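As a plain string of letters, each chain reads:
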Amino acid sequence: MTFEYAPAPESRSIVSIKPKYGHFINGSFVAGKKHFPTINPATEEILSHIALGGVSDVDKAVMAAQKAYTKTWSKLSGKERGKYLYRIARILQERAREFAVLETLDNGKPIRETRDIDIPLVAAHFFYHAGWADKLDYAGLGHSPKAYGVAGQIIPWNFPLLMLAWKVAPALATGNTVVLKPAETTSLTALLFAEVCQQAELPDGVVNIVTGDGSTGAAIVNHPGVHKIAFTGSTDVGKKIARAIASTDKKATLELGGKGANIVFDDAPIDETVEGIVNGIFFNQGHVCCAGSRLIVQESVAEEIIEKLKVRMAKIRVGDPLDKNTDLGAINSKEQLVKIKELSAIGDAEGAERWSPQCNLSNKGFWFAPTIFTGVTQAHRIAQEEIFGPVLSVLTFRTPQEAMDKANNTPFGLSAGIWSEKGSRIFWASQHLKAGVIWANTFNKFDPASPFGGYKESGWGREGGRHGLAAYLKTGKETGAK
Amino acid sequence: MSFYGLVDGSEKSLIHFLDQLSGVDQVGAEARAAMLATRSIKTSSKKWAIETAISMVDLTTLEGADTPGKVRALCSKAVRPDPTDPTVPSVGAVCVYNDMVEIARTHLDSIGGEHVPVAAVSTAFPSGRASMEVKIQDTQDAINAGAAEIDMVIDRGAFLAGKYGLVFDEIVKIREVCGGKAHLKVIFETGELVTYDNVRKASYLAMLAGADFIKTSTGKVAPAATPPVVLVMLEAVRDFYSMTQRRIGVKPAGGIRTTKDAIKQLVLVNETAGPEWLTPDLFRIGASALLNDLLMQRMKMSDGYYASPNYVTID
Numbered sequence: 001m002t003f004e005y006a007p008a009p010e011s012r013s014i015v016s017i018k019p020k021y022g023h024f025i026n027g028s029f030v031a032g033k034k035h036f037p038t039i040n041p042a043t044e045e046i047l048s049h050i051a052l053g054g055v056s057d058v059d060k061a062v063m064a065a066q067k068a069y070t071k072t073w074s075k076l077s078g079k080e081r082g083k084y085l086y087r088i089a090r091i092l093q094e095r096a097r098e099f100a101v102l103e104t105l106d107n108g109k110p111i112r113e114t115r116d117i118d119i120p121l122v123a124a125h126f127f128y129h130a131g132w133a134d135k136l137d138y139a140g141l142g143h144s145p146k147a148y149g150v151a152g153q154i155i156p157w158n159f160p161l162l163m164l165a166w167k168v169a170p171a172l173a174t175g176n177t178v179v180l181k182p183a184e185t186t187s188l189t190a191l192l193f194a195e196v197c198q199q200a201e202l203p204d205g206v207v208n209i210v211t212g213d214g215s216t217g218a219a220i221v222n223h224p225g226v227h228k229i230a231f232t233g234s235t236d237v238g239k240k241i242a243r244a245i246a247s248t249d250k251k252a253t254l255e256l257g258g259k260g261a262n263i264v265f266d267d268a269p270i271d272e273t274v275e276g277i278v279n280g281i282f283f284n285q286g287h288v289c290c291a292g293s294r295l296i297v298q299e300s301v302a303e304e305i306i307e308k309l310k311v312r313m314a315k316i317r318v319g320d321p322l323d324k325n326t327d328l329g330a331i332n333s334k335e336q337l338v339k340i341k342e343l344s345a346i347g348d349a350e351g352a353e354r355w356s357p358q359c360n361l362s363n364k365g366f367w368f369a370p371t372i373f374t375g376v377t378q379a380h381r382i383a384q385e386e387i388f389g390p391v392l393s394v395l396t397f398r399t400p401q402e403a404m405d406k407a408n409n410t411p412f413g414l415s416a417g418i419w420s421e422k423g424s425r426i427f428w429a430s431q432h433l434k435a436g437v438i439w440a441n442t443f444n445k446f447d448p449a450s451p452f453g454g455y456k457e458s459g460w461g462r463e464g465g466r467h468g469l470a471a472y473l474k475t476g477k478e479t480g481a482k
Numbered sequence: 001m002s003f004y005g006l007v008d009g010s011e012k013s014l015i016h017f018l019d020q021l022s023g024v025d026q027v028g029a030e031a032r033a034a035m036l037a038t039r040s041i042k043t044s045s046k047k048w049a050i051e052t053a054i055s056m057v058d059l060t061t062l063e064g065a066d067t068p069g070k071v072r073a074l075c076s077k078a079v080r081p082d083p084t085d086p087t088v089p090s091v092g093a094v095c096v097y098n099d100m101v102e103i104a105r106t107h108l109d110s111i112g113g114e115h116v117p118v119a120a121v122s123t124a125f126p127s128g129r130a131s132m133e134v135k136i137q138d139t140q141d142a143i144n145a146g147a148a149e150i151d152m153v154i155d156r157g158a159f160l161a162g163k164y165g166l167v168f169d170e171i172v173k174i175r176e177v178c179g180g181k182a183h184l185k186v187i188f189e190t191g192e193l194v195t196y197d198n199v200r201k202a203s204y205l206a207m208l209a210g211a212d213f214i215k216t217s218t219g220k221v222a223p224a225a226t227p228p229v230v231l232v233m234l235e236a237v238r239d240f241y242s243m244t245q246r247r248i249g250v251k252p253a254g255g256i257r258t259t260k261d262a263i264k265q266l267v268l269v270n271e272t273a274g275p276e277w278l279t280p281d282l283f284r285i286g287a288s289a290l291l292n293d294l295l296m297q298r299m300k301m302s303d304g305y306y307a308s309p310n311y312v313t314i315d
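These protein sequence lines are chains E and W, in that order. For the first sequence, my numbering begins at 1 and goes up steadily by one. For the second sequence, my numbering begins at 1 and goes up steadily by one.
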């Protein structure tokens with residue numbers, strides 16, 4: 001007797017995708033000139049064609065954002081801005097299923113995650129920031145903090161709508177207007193969000209969305225009318241942005257790569273730790289900047305942990321992202337799949353031991369089985385470089401200090417996890433880890449009230465919480481106040 | 001004495017064994033159970049799950065008001081849950097108080113239900129507050145009357161006072177009374193043990209002492225068979241199997257009233273202990289109202305609409 005789960009696909013009839021999209025500028029959709037296809041990474045089906053924004057499109061969008069800032073948005077009270085944000089949040093909740101299905105189609109992540117994590121968090125970010133809009137004087141940022149003006153925002157493909165929310169919600173709450181560029185492979189939910197802005201009757205030009213590739217992003221970064229850059233993506237591009245704005249007065253927040261250490265002490269709650277390891281690296285196919293991609297486990301329990309981890313990994317359901325029972329969906333793009341395969345091959349070549357459960361992967365689309373490498377040391381490239389896929393490197397340690405040293409021995413510093421039943425050890429470790437977010441006995445938990453960001457090459461500034469507001473506000477002397 | 005070569009039965013060896021068990025993180029265990037509850041079981045797998053769940057029900061009546069008539073009605077239902085459809089399997093067992101065992105056994109045998117075992121709750125169920133002599137006699141009576149399964153309760157007072165040796169010894173003694181004649185299920189009353197750490201400890205105590213099944217609750221205390229409690233018990237039987245090569249069964253009881261609840265339990269089994277446990281030999285569900293909901297959902301699957309409750313027999 002075996003309990004086979006029959007397919008339980010979420011219906012895609014709730015979404016209607018147009019064959020072609022333009023940009024969203026000054027409150028309306030405007031036709032693009034050149035277009036490129038956007039595909040469903042699970043099937044390689046072409047979903048639509050996305051406009052490739054050029055310098056002139058970006059210019060129009062920035063002009064619209066500037067005008068909206070000067071004429072309307074900066075004149076509204078915080079209370080009024082808050083009303084728009086609440087309205088957007090409610091519409092997002094009402095249309096949650098539509099957004100979840102569209103995100104899954106465009107990104108390849110499982111519907112269980114878009115339905116239960118991405119979209120609810122998106123709404124939560126708008127609700128949270130709506131609440132701040134009329135309370136900025138009390139955010140501990142000094143008297144009457146002021147908006148910068150136009151925020152240029154460039155977001156990645158791993159959490160398309162959630163990253164939009166992380167960027168747009170605080171920008172609007174603090175009184176800035178926005179020019180946003182979604183990632184090349186995942187523009188559809190941002191374009192649906194544009195419809196939500198229309199539905200919420202957000203004043204024209206407050207949110208502008210220009211689709212395109214890296215050149216479009218560069219045009220936003222280099223536009224003189226943009227006062228603040230918010231970027232989430234790779235460390236390489238982050239460095240380019242930092243160079244590009246070096247001689248300007250543009251402000252920037254950069255949320256970049258990571259190689260998160262998930263540290264397991266010998267007194268950890270084993271079964272929940274195994275769950276946490278799985279969630280840390282296989283959540284969202286490992287396309288997570290704060291993924292727990294390095295498992296640093298105390299040698300005395302390593303064997304037991306790895307054995308249980310393998311048993312658990314064999315239960316991971318890989319397949320159709322629209323199936324409600326799928327745990328691991330498709331890799332977002334062919335390019336990313338190639339990168340994951342390359343780095344994994346380096347792991348093999350460097351002598352680490354690779355293991356994956358048996359998975360029937362489809363020939364169509366981009367797939368990679370959940371994978372662990374054991375016998376990894378600091379000297380392995382797979383312990384140093386961000387793979388950004390469902391690949392876990394397992395290292396061991398003997399003493400708590402050694403665990404800290406290994407965890408911190410990386411140019412990144414975005415996230416870390418500590419697994420222990422001993423409170424004093426958790427506090428000790430969290431004081432020694434150089435990472436922007438540290439989870440204790442959990443992993444990959446997000447909340448709009450909690451600031452998120454990195455140490456070292458993982459980025460500048462924080463997003464979310466009170467700290468995230470500061471990134472969109474001039475404070476103290478910057479405001480021009482005496 | 002040696003129990004699976006893991007403990008020698010002394011309190012010291014038990015405490016040593018229980019101390020080296022990993023703790024359970026409450027938040028993590030509850031999150032895992034909640035995640036598994038989102039599994040969507042449809043069409044052919046739902047039909048399979050409903051029929052499997054029917055075959056796993058320990059159809060139960062444990063009331064002060066139980067009469068021979070009530071018990072006989074329950075037995076008839078247990079053998080042929082849906083009298084209009086002989087393809088519906090019999091339930092896993094009938095579960096009654098010990099004075100009703102003989103009535104149940106006799107009636108089952110007279111209606112072609114020889115294959116349905118009678119389970120008796122025992123050891124001063126539900127509180128367990130009686131002398132050991134009484135508990136032994138209680139169990140012996142039930143076996144003499146034809147019970148093939150004994151659902152004993154542990155002494156929660158002793159457990160919470162840290163007297164693990166006492167709890168263990170009681171289970172060992174009842175195990176001896178059961179001998180080869182009756183399967184032993186050990187009830188923890190998880191609603192009184194409260195923490196998942198306690199549930200895990202109790203699971204190992206019972207398994208080491210010779211339980212064939214570990215069971216969540218009496219049905220008299222809430223909360224009872226919550227998904228995270230069952231998850232922790234399933235993890236225990238899975239790990240015990242890798243230590244001893246012996247599979248111990250799990251029986252959630254109390255609070256499982258709907259088909260949806262039952263299917264959630266089967267998903268927990270499938271993805272925690274594994275598909276080997278998806279048999280009435282290793283998984284039972286203690287319930288009374290559940291059976292009719294399973295039958296109604298089964299009818300709905302074949303007919304395409306919900307029948308009136310009048311089409312499902314009451315006990």
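Be aware that one or more of the hints could be misleading.
[Claimed, not checked] Mimicking DSBU-like on lysine-lysine, the simulated pairs with C-alpha atoms at most 35 Å apart in a straight line are: (1) 260/W - 445/E; (2) 315/E - 75/E; (3) 315/E - 47/W.
For the record, the hints were derived by calculation from the structure and aren't laboratory data. Just so you know, these numbers come straight off a predicted model, no measurement behind them.
Tested hints:
1. 260/W - 445/E: holds, 28 Å
2. 315/E - 75/E: violated, 55 Å
3. 315/E - 47/W: At roughly 22 Å apart (the allowed maximum being 35 Å), residue 47/W and residue 315/E satisfy the hint.
Checked against the numbered hints listed earlier, the structure breaks hint 2 alone; every other hint is satisfied.
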